[in-house]
Amino acid sequence: MRLLLASLSILLLGLATAPAQDREDIVLTGGPALRFMEHGKGDVSHDVYWFNFVDASTIRLKELKDQAKPDEIVTWLIYRPSYAARSREMDLDLLAQLQQKANALGVRLVFFDNKAQLIAYLDRGFDRDKVKIADFDYFGHSNKACFLFDYSNTIDTMSIAWLHVKDLRLIDSDIFARDAVCKSWGCHSGEMYSKWWKNRFDVPMIGAIGKTDFAHGGLPQLSNSDGKWAD
Amino acid sequence: MHTVFLRALGVLIALVMVSTVVRADDDTVYKAPAGQAPPVAPPLRKGSPLDHLANDPKQNAPTVGYREGNTQGNVYWIGHRLIDPVGGQGWGWLRKPDQRWGNARWIALQESPGLAVAPHRKLVKADMDLNWEYKFWGRFATYKAYDPRLDEQLPVFILQGYEVIGAAAPLNIKVGPSDRIDHLPSGASSRDNRPILSDPGVD
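Line order of the protein sequences matches chains A and B. Counting with my numbering, you get residues 1 to 231 for the letters of the first sequence. Counting with my numbering, you get residues 1 to 203 for the letters of the second sequence.
These aren't lab readings, by the way, just hints derived from the structure by calculation. One thing to keep in mind: the hints can contain errors.
What the hints assert, rightly or not - No more than 30 Å apart at the CA atoms, straight line, and that leaves these computed lysine-lysine pairs for DSBU-like:
{"id": "1", "chain 1": "B", "residue 1": "Lys144", "chain 2": "A", "residue 2": "Lys195"}
{"id": "2", "chain 1": "A", "residue 1": "Lys211", "chain 2": "B", "residue 2": "Lys125"}
{"id": "3", "chain 1": "A", "residue 1": "Lys166", "chain 2": "B", "residue 2": "Lys144"}
{"id": "4", "chain 1": "A", "residue 1": "Lys166", "chain 2": "B", "residue 2": "Lys174"}
{"id": "5", "chain 1": "A", "residue 1": "Lys41", "chain 2": "B", "residue 2": "Lys144"}
{"id": "6", "chain 1": "B", "residue 1": "Lys58", "chain 2": "A", "residue 2": "Lys41"}
{"id": "7", "chain 1": "A", "residue 1": "Lys198", "chain 2": "B", "residue 2": "Lys144"}
{"id": "8", "chain 1": "B", "residue 1": "Lys58", "chain 2": "A", "residue 2": "Lys115"}
{"id": "9", "chain 1": "A", "residue 1": "Lys132", "chain 2": "B", "residue 2": "Lys125"}
All values derive from a computational prediction rather than experimental measurement.
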């Protein structure tokens, strides 16, 4: 009985002294196409507005900040090269604007330039034994098998930076909290990506069956009348 | 005392004005209003690659002998243009001058706007140089391109210059990257041996 009480005391003491910041919310944002690449494509021309993914991300980040405890970490991961290229195309400093937005929201901004950097952050951005990812949102181009951080920015209609379902095995499987909430706001993720995500991390990821539409402002909506969210 | 008060008031007014100016600057950063469509891109910069693409006159066929970009080096490749019949976004085949077409590689073409862009950018339609051949200057990238329509990866050639050779006979060789026909459906594959055909459909 004494042993049981002692063990219980140690457990309670451990809980009381556990680090306050043991959860991190992450919003992952892909980049826009170049207008040069998308010129002349009519209705299927992507990313006429350069901050379509960013605006949606900031809405979600604000929601997370409002819900988070004061000491909870909220991190914004952005694929930098596409915004740098679009900046050059438009003669605007979009990277500075992204920093301003992050500052205004009070979130940590982490740029990444390639898949390896992204995976390194997810695995080791914090000690994942202590700080688990509690919320994950993706805003960007995608098909059912892939998050496309770069799309039609370096090569017309193609990507040079992506996270394929087959790449999920490169990420540590225990980085998420057991009650983590994950959602891809991109197109088609619910048709394949969600299943592979669940298999790898043992947490569900909500994804779209069909396309999503970022053109209305606000959080993306399902484009197809028969579209739905699934996990 | 009165003077000190007036000076303090002046400083306060100045600070308010400065903060107003800063806020006005912040307002130049677009914030999409909820529920409303965001704006379109700013006007074209005169002389930019996009300006040329949008406003230069288009041709019905390439001009034989036309050169663009850096075309001085002795090392070049021969390119044969083809539109992928199953919807892939590859540009066509590329081989070294001393190679046979059977050794050619199906490539993704990375353009260098401002230096050299895909020859079909000058044409009325992108398929108007079907089966035309070119000399290409540039290099292969260390990375690959992912084609989201077919869920496959292609070698990337970074174009730095080209010369139009002329129209050629169609080639009877395999279209697509080398593993296209070797791919076997395993059930674990994202492609399951058929095109994904889910072009990212956002905005």
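Hints, verified against the model:
no.: 1; hint: B:Lys144 with A:Lys195; verdict: 26 Å, holds
no.: 2; hint: A:Lys211 with B:Lys125; verdict: 28 Å, holds
no.: 3; hint: A:Lys166 with B:Lys144; verdict: 16 Å, holds
no.: 4; hint: A:Lys166 with B:Lys174; verdict: 26 Å, holds
no.: 5; hint: A:Lys41 with B:Lys144; verdict: 24 Å, holds
no.: 6; hint: B:Lys58 with A:Lys41; verdict: 16 Å, holds
no.: 7; hint: A:Lys198 with B:Lys144; verdict: 27 Å, holds
no.: 8; hint: B:Lys58 with A:Lys115; verdict: 38 Å, violated
no.: 9; hint: A:Lys132 with B:Lys125; verdict: 51 Å, violated
Hints 8 and 9, counting from the list given before, are not met by this structure.
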